[in-house]
Amino acid sequence: MTLALTPGRRRAAAAALTAALLVPLAACSGGDDANAPAANAELTVLAAASLTDVFKTAGAAYEKAHPGTKLTFSFAGSQELVAQVSQGSPADVLVTADTKSMDKVGADTGTPVVIATNRLVIATGEGNPHQVDDLKDLADPKLKVVLAAPEVPAGKYSAQILEKQGVTVKPVSQEANVRAVLSKVELGEADAGLVYKTDAASAADKVDAVEIPDDRNAVATYPAATLKDSKNAEAAAAFVAWLSSAEGQRILQDAGFQKP
Numbered sequence: 052m053t054l055a056l057t058p059g060r061r062r063a064a065a066a067a068l069t070a071a072l073l074v075p076l077a078a079c080s081g082g083d084d085a086n087a088p089a090a091n092a093e094l095t096v097l098a099a100a101s102l103t104d105v106f107k108t109a110g111a112a113y114e115k116a117h118p119g120t121k122l123t124f125s126f127a128g129s130q131e132l133v134a135q136v137s138q139g140s141p142a143d144v145l146v147t148a149d150t151k152s153m154d155k156v157g158a159d160t161g162t163p164v165v166i167a168t169n170r171l172v173i174a175t176g177e178g179n180p181h182q183v184d185d186l187k188d189l190a191d192p193k194l195k196v197v198l199a200a201p202e203v204p205a206g207k208y209s210a211q212i213l214e215k216q217g218v219t220v221k222p223v224s225q226e227a228n229v230r231a232v233l234s235k236v237e238l239g240e241a242d243a244g245l246v247y248k249t250d251a252a253s254a255a256d257k258v259d260a261v262e263i264p265d266d267r268n269a270v271a272t273y274p275a276a277t278l279k280d281s282k283n284a285e286a287a288a289a290f291v292a293w294l295s296s297a298e299g300q301r302i303l304q305d306a307g308f309q310k311p
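Here our numbering is used: the sequence shown runs in plain steps of one and ends on residue 311.
No lab work stands behind these hints, which were simulated from the structure alone.
Just so it is clear, the structure is predicted and the values come from calculations on it, not from any experiment.
It is possible that some hints are incorrect.
Stated by the list, open to error - Think about it this way: if two alpha-carbon atoms lie no more than 20 Å apart in a straight line, the pair counts; the simulated SDA-like pairs of lysine to any residue are: (1) 310 to 279; (2) 310 to 263; (3) 310 to 297; (4) 207 to 178; (5) 221 to 165; (6) 279 to 125.
Unchecked claim - Across the chosen pairs, the derived CB separations fall in these ranges: (7) 137 to 185: 33 to 41 Å; (8) 262 to 298: 25 to 33 Å; (9) 182 to 216: 13 to 21 Å; (10) 215 to 118: 23 to 31 Å; (11) 224 to 162: 17 to 25 Å; (12) 292 to 185: 37 to 45 Å; (13) 137 to 164: 49 to 57 Å; (14) 140 to 217: 23 to 31 Å; (15) 181 to 217: 19 to 27 Å.
Glycine is no exception: its CB is placed at the ideal position from the N, C-alpha and C atoms.
Produce the complete structure using the sequences and hints provided.
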């Protein structure tokens, strides 16, 4: 026997069927969202001063590829960034110019991944007016040389290579980050300074770069890590992973950084 349904009962049955079909769809959708970075994440990235130019380019590319994600960069010497993390400054990602700085805040970060390397050059005024050709030339007392401070990664690398070559330099100033060293040379306040190759390249119209052979140089290593107190952990992890992707690496290497 077939039972006829009244209009009211037909509407109720249709509603029940629709609800039953939507439950599994909602469950599947929720599972996907749980594994995806926040759609409208705002990330603060603490980054070494030598990354200033390249990260602005990288940030624009990342935001274009990830609509809804906004990146805010804070650039400083790695030692300053580490101090900020230690003091609990709110941020999502940390990128330093050496592993020792990153290690100091290991309890506050995820596992670091090295995204790039760099090397030092001697930056001089445009045209190299004082004919600086070698590290040993920096020992000339008539030459105004500026270096990064000893606690700054660039300062540590500088001290390392100068000591290795037995060169004693009396700098006219020691700066809080490598970009300040570059600025002194750009402005003519110093005759020469040790900066990263990428820094000199960013100011190629204002300074000359004297190459330092690899066997006399130091390799600067750039680790990146998420911060455990990040309120956007998934989005932060996605950005760190992207820095090692083909696109992220292309941007870094186009700026003169070398492979990890």
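Here is how each hint holds up against the structure:
The suggested pairing of residue 310 with residue 279 is violated, with an alpha-carbon distance near 27 Å, which exceeds 20 Å. For the hint linking residue 310 to residue 263, the alpha-carbon distance of about 18 Å falls within 20 Å, and the restraint holds. Using a Cα cut-off of 20 Å, the hinted pair residue 310 and residue 297 holds, with the two alpha carbons roughly 11 Å apart. A C-alpha spacing of about 27 Å is found between residue 207 and residue 178, which places the hinted pair above 20 Å, so the restraint is violated.
Using a Cα cut-off of 20 Å, the hinted pair residue 221 and residue 165 is violated, with the two alpha carbons roughly 33 Å apart. The straight-line distance between the Cα atoms of residue 279 and residue 125 is roughly 18 Å, inside the 20 Å bound, and the hint therefore holds. Between residue 137 and residue 185 the CB atoms are about 39 Å apart, so this pair conforms to the stated range of 33 to 41 Å. The given range of 25 to 33 Å is respected by residue 262 and residue 298, whose C-beta atoms sit roughly 29 Å from each other.
Evaluation of the 13 to 21 Å hint for residue 182 and residue 216 yields a pass: the beta carbon distance comes to about 18 Å. Taking the beta carbon of each, residue 215 and residue 118 are about 48 Å apart, not inside 23 to 31 Å as hinted. In this structure the hint that residue 224 and residue 162 lie 17 to 25 Å apart at CB is violated, the actual value being about 37 Å. The given range of 37 to 45 Å is respected by residue 292 and residue 185, whose C-beta atoms sit roughly 41 Å from each other.
For the hinted restraint 49 to 57 Å between residue 137 and residue 164, the CB-CB distance of approximately 21 Å leaves it violated. As the Cβ distance of residue 140 to residue 217 is approximately 41 Å, the hint placing it in 23 to 31 Å is violated. A beta carbon spacing of about 21 Å between residue 181 and residue 217 agrees with the range 19 to 27 Å that was offered as a hint.
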